[in-house]
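Generate coordinates for the entire structure from the input sequences, incorporating the hints supplied.
Listed below are the residues making up each chain.
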Amino acid sequence: MAKDDVEARTSKKYVRTFIFSMKTGTPIEKLHVITKFFMIAAMSVLALYMFDISVSKGGPDIIGLIFLLIIVFALLIISGTSKYLVNSYLLLALPVPISEFIWWLFFDGGLPGAKVTFYLWPGFFPFGLSTAVLVLVFGVVYYRTRSFIIAVIPAVLLWWLTAMPGTLDFSPLTTWFKLPIGATSSFTLPYLSVTVALSKALGFAVLIYTSFLFLLTTRDTEIAGAMRQLGLSFKKSFFIALIFRSLNTLLIDYENIRMAQTARAAGVNRKSVFSKIIDLAYVSIPLVATMIRRSTEMGVALYARGFEASKKVTSFKETKGITYMDVTVIAILSAFLIYEVVLGHNINNLLIR
Amino acid sequence: MSGEGKTVSNTKNKYPWSNYTLKLGRGEPVSTTQYVLYAVQIAAVIILSYLSVVLLGPLSYSGISLFYFVYPFFLVFTMWWGIWGILGAYIGCVVGAGLMVGLGPVASGAYAISDLIPPLIAFIVYRGLLANRGIDSLWRDLTDKEVAGFKTNRVAAWVLFIAINGVIINAVSAELGVGIENYLGLIPPGAFWGWWAGWFFGDLLAMIIITPVLVKGLTNLVERQGLINRGWIT
Amino acid sequence: MTRTPVLEVKDFWWKYRSFVGVENPYTLKGLSFTVEKGEFLGIIGPSGAGKTTLCYALTGIIPKVFSVPYGQENEHIKGEIKLFGQTLTKVDKVKDEKTGNMVDRVVGMKQTAPRVGLLLQDPENQFLRMDLLHEISFGMELLGLSEGEIESRAKEALELVGLGPLWPIADLVHPSELSGGQKQRAAIASFIALRPEVLILDEPTSNLDPEGKLGIIQAIDNIKKEYDITIILVEHNPEVIQKYADKVLAINDGQAIAYGTTEQVYSQCKLFDENGLYSSDIARIGWKAGLSYNGRVPFTVDEMLESFDGRNQKSLAPTLEDDPIDPSAQEIISVKDLSYSYEDGTQALKGVTFTIKQGEYVGLIGQNGAGKSTVSKIISGLYKKFQGEAKVMGMDLRDKKVIQKIPCYVGYVFQNPDNQIFMRKVYDEVAYGLKNLKVPQQEIDQRVKEALKSVGLLSKIDEDPMFLGKGEKRRLTVASILAMNPKIMIVDEPTTGQDFRMSEDIMCLLEELNKAGTTILVITHDMTLISEHTKRVIVMHNGAVLYDGSTRGFFSNEELLDKADIIPPMAARFSLEYKKKNPAAPNLMNVKEWVTAINDVKQTESK
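Residue numbers (the numbering used here), protein chains in the order written: chain R, 11 to 363; chain C, 140 to 373; chain Y, 269 to 875.
It is possible that some hints are incorrect.
[To be verified] Selected chain Y positions facing chain R (Cβ under 7 Å, derived; list incomplete):
1. Ile329
2. Pro382
3. Arg383
4. Glu392
5. Glu409
6. His442
7. Tyr495
8. Tyr546
9. Thr621
10. Phe622
11. Tyr677
12. Leu705
13. Val707
14. Pro708
[Stated by the list, open to error] Straight-line C-alpha distance at most 27 Å; calculated DSSO-like pairs for lysine-lysine:
15. R/Lys23 / R/Lys286
16. R/Lys286 / Y/Lys849
17. R/Lys281 / Y/Lys693
18. Y/Lys703 / R/Lys286
Note that these hints are calculated values from the structure, not bench results. Just so we're clear, the structure is a prediction, and the values are computed from it rather than from any experiment. Glycine included, every Cβ here is placed at the ideal spot set by N, Cα and C.
Below, the structure is given as structure tokens:
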């Protein structure tokens with residue numbers, strides 16, 4: 011490659027993926043899509059397994075799940091996609107593990123065994139580390155979102171989590187002063203229920219962020235190439251490529267249609283749920299009409315390129331080779347899978363013992 | 140010029156929908172336009188599946204939306220496009236309501252089977268069984284008193300629609316979907332029936348409200364362009 | 269010197285197939301013409317004339333993609349098209365394999381690619397791959413060329429269309445990172461790489477901004493110089509046709525109405541006027557003012573300067589006063605230091621400030637990506653998270669309750685009519701917005717009919733909007749917003765994909781609405797229409813306001829025009845050139861002003 015070409019290539023810092031972009035030149039970018047897919051498949055199998063280990067086998071593997079989560083976040087940071095995740099998906103994705111934790115506590119709260127006490131209110135307001143957390147979290151979230159409610163919720167939640175352990179164990183390091191207010195209020199839950207709920211929340215977090223890792227670091231063009239590498243015919247792999255090509259265009263069409271609906275006063279007056287559903291249904295008309303128009307024109311464009319008469323189709327820079335890095339990643343994950351799923355070991359129990 | 144102003148009819152058979160059967164197709168290969176259309180509709184179902192889950196926020200998580208409004212879309216697409224609609228339903232769920240909302244490939248691939256079954260059964264039942272008994276396989280008799288001059292039985296159409304799609308097929312889908320999620324440990328065992336009810340009634344509501352709008356708004360548009368599949372494939 | 273004909277069209281008729289409902293009429297009616305090797309044929313005609321259908325027929329897409337039913341071939345196709353001396357499309361007697369009888373069947377070449385390439389109007393629908401490199405190489409891959417050959421041809425093709433700098437990163441460039449003009453150029457490159465003998469371009473610039481249009485024209489120029497390709501170009505812009513075409517075919521309603529050299533065809537101004545064809549500002553001025561250049565109307569600014577030379581310029585009105593806006597008129601739109609960034613971090617607006625008074629008719633112009641649509645969508649309440657201040661009728665758009673109610677006051681007509689048609693009956697479509705506003709049924713009835721009448725669609729009240737023509741759909745979308753009685757109407761690119769007459773109709777309609785009291789903000793790339801209908805323009809450039817003032821002032825300022833990358837309309841360009849010789853001459857910016865001025869001169873002289 012000529013020097014100018016190399017410079018031009020290295021100047022392109024980000025490349026478009028399924029959602030947003032990823033940094034070029036990172037180890038993740040160099041991985042084959044099959045490796046990436048194996049990675050998320052393996053991690054999701056591990057997550058599903060780890061959070062579902064029965065009590066008789068030592069209970070859920072919480073440390074294993076935390077370990078997986080750390081790996082996923084590290085990979086997200088390395089791939090240069092974390093800022094997109096934080097800006098757009100963090101608020102969308104965070105409620106999921108939290109709600110899972112709550113659902114599991116609610117529906118599975120009656121497991122036998124030792125109980126843990128949770129304090130809703132310790133009978134005093136602790137000034138200390140927890141107060142600092144409250145102020146800091148509120149400040150940062152409010153600065154980013156300019157919404158009081160969105161800032162207050164995580165601030166209070168984290169304050170509560172920080173304050174709670176230290177309330178009865180008065181430590182000058184974490185609680186500097188106690189201001190007596192109100193009476194003590196607490197509840198108990200079975201330790202096992204809490205463990206299971208926490209493991210489900212962590213497991214869901216692993217599932218979510220691994221899926222995002224895949225979507226944020228995979229280019230649609232890689233998938234079509236991989237299909238060809240796996241032996242799928244050109245027309246079948248191109249069909250898959252067309253699906254991904256259309257995704258972006260249709261999403262823009264959908265947004266434009268919804269805006270056009272808004273411009274027609276769809277949101278001006280309060281509407282019943284039924285009317286809102288009908289409005290949603292009406293989106294289908296321009297959407298399907300656009301789909302048909304696009305398909306006709308794309309069909310014409312394909313014909314004009316010689317698609318119908320094509321017999322032997324050259325594979326031009328569509329496939330990527332499997333490298334040592336791919337083999338290493340697959341090997342490590344396979345070993346992890348064998349260790350946990352096949353041999354039935356449990357990192358949590360291993361470390362705690 | 141000859142032919143101008145003349146009405147075109149697409150069938151000489153008993154019912155206007157008699158051309159739409161369970162055969163493989165027209166005996167022609169998939170045209171380029173159809174090839175593209177099938178791919179584009181799958182992309183549309185992916186997007187709508189994703190929106191069906193995320194628009195209701197945390198209430199919809201575990202991949203189960205309290206109002207899975209894509210459901211009537213892929214049902215109608217299947218009645219138009221056969222196997223391609225069924226494929227769209229499955230891929231839409233795997234990618235849109237699975238991977239893109241963070242369920243991971245294993246869970247998505249497994250529980251998306253619950254979205255593959257309803258359109259498959261509906262296509263077979265309507266085209267194979269009911270179409271010859273005066274019930275339109277394109278569901279136009281839900282909204283129209285007449286289809287191409289043929290008087291329809293709207294009451295019978297609605298009764299069968301709700302009984303078959305709304306109750307039987309929907310129940311199978313809910314059982315499969317929630318069952319798979321429960322088996323994978325994604326939902327608490329104690330929540331099984333709550334989730335099942337959410338799935339069942341959410342899909343039922345979406346189906347009853349949205350399907351007639353789609354059918355009335357679009358079926359004749361698609362038919363006028365010659366894009367309704369005669370059989371499974373073309 | 270006669271050259272070998274590459275295309276011969278002989279009395280060709282075509283009718284699209286109907287699957288249900290009423291039979292379609294013939295779209296092409298007995299067209300006959302020949303295109304020789306290396307020739308550049310321009311095809312012109314109003315919307316719905318059959319130009320795209322003709323392009324499809326010349327590439328074999330009709331009847332391969334748009335097929336005809338067995339046994340009805342003769343009802344759909346008549347005549348013949350020959351390509352490179354062989355039959356491309358024709359109905360002929362062949363032996364039926366099953367029965368052994370001689371039956372009528374469509375015969376001809378199975379595939380025209382790669383010898384013939386076809387570029388379509390919409391850049392989005394013909395960018396089929398997910399990166400630039402594979403888009404260029406697609407056709408070559410289908411041909412089965414070797415990897416080395418594909419790579420060298422792809423690089424060469426990209427250079428030819430001015431996208432050479434993207435070659436090193438071509439495999440990393442996603443279609444969403446390319447502008448419409450770049451996508452079109454990529455499509456041209458993908459065909460050039462196949463070394464076609466004939467290249468057909470169907471309105472390749474109609475969906476593009478001025479910069480995009482220029483890029484395409486440059487690419488066509490390069491191709492013409494580099495290869496001896498036969499080019500067929502469907503285009504509304506007469507300057508392009510006059511510059512490049514050897515011959516022109518004008519069609520209307522599927523029939524040829526003129527065929528010959530550019531001079532022979534474009535001289536027929538009356539024919540153009542009767543058929544809604546655009547013959548350029550200069551030709552129209554020449555025709556209406558009775559000017560002549562070598563026995564015909566002038567076509568270019570230089571020809572016009574020569575034909576107008578020697579007139580008594582002192583008689584031209586020294587100044588032209590534009591109708592001032594009533595100083596007591598209230599501010600209806602006010603934006604101050606408006607900034608907006610998209611989710612991916614792109615800053616679309618950087619401190620935009622302007623006010624618009626009640627009753628104004630303002631043109632919002634600028635290159636794609638300048639921020640025109642963004643600022644309009646903020647004003648209409650469609651984009652919410654902005655910085656700075658935006659007020660409509662004194663109401664602050666930062667207030668969520670205000671945003672919710674904004675559609676009652678601001679009507680936004682989007683660029684693509686297909687994205688705004690929600691109903692299957694024209695009446696219901698116009699009534700949709702009124703029902704959302706909870707207008708009583710009786711009033712809905714009245715307002716729907718009034719709105720449809722004002723756009724000339726009352727006779728189509730029971731029709732299916734999906735099957736209206738392009739121009740009719742556009743008018744329907746205007747009617748749908750009009751019925752809501754907005755105080756402000758924002759119309760986004762109302763003339764894209766429209767022919768001259770339809771564009772004129774839309775702009776005149778907006779002018780009538782403006783006279784009735786509606787404030788109009790129109791976003792368009794058509795400078796001719798801006799010069800003819802708006803008195804004030806706001807010019808956006810890189811997310812900021814570059815100019816806010818009279819249209820005349822803008823089109824008279826070469827420096828500003830250059831900075832904004834905007835080419836003024838021909839009439840205004842003529843004015844600029846004319847003023848170089850006659851500095852005292854007034855700044856005339858459109859056909860009407862020039863014709864009036866020249867006719868005034870004539871009257872003065874005759875006295």
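Hint check results:
no., hint, in the structure
1, Ile329, "6 Å, holds"
2, Pro382, "6 Å, holds"
3, Arg383, "10 Å, violated"
4, Glu392, "6 Å, holds"
5, Glu409, "5 Å, holds"
6, His442, "4 Å, holds"
7, Tyr495, "18 Å, violated"
8, Tyr546, "25 Å, violated"
9, Thr621, "23 Å, violated"
10, Phe622, "21 Å, violated"
11, Tyr677, "10 Å, violated"
12, Leu705, "5 Å, holds"
13, Val707, "10 Å, violated"
14, Pro708, "14 Å, violated"
15, R/Lys23 / R/Lys286, "43 Å, violated"
16, R/Lys286 / Y/Lys849, "65 Å, violated"
17, R/Lys281 / Y/Lys693, "23 Å, holds"
18, Y/Lys703 / R/Lys286, "13 Å, holds"
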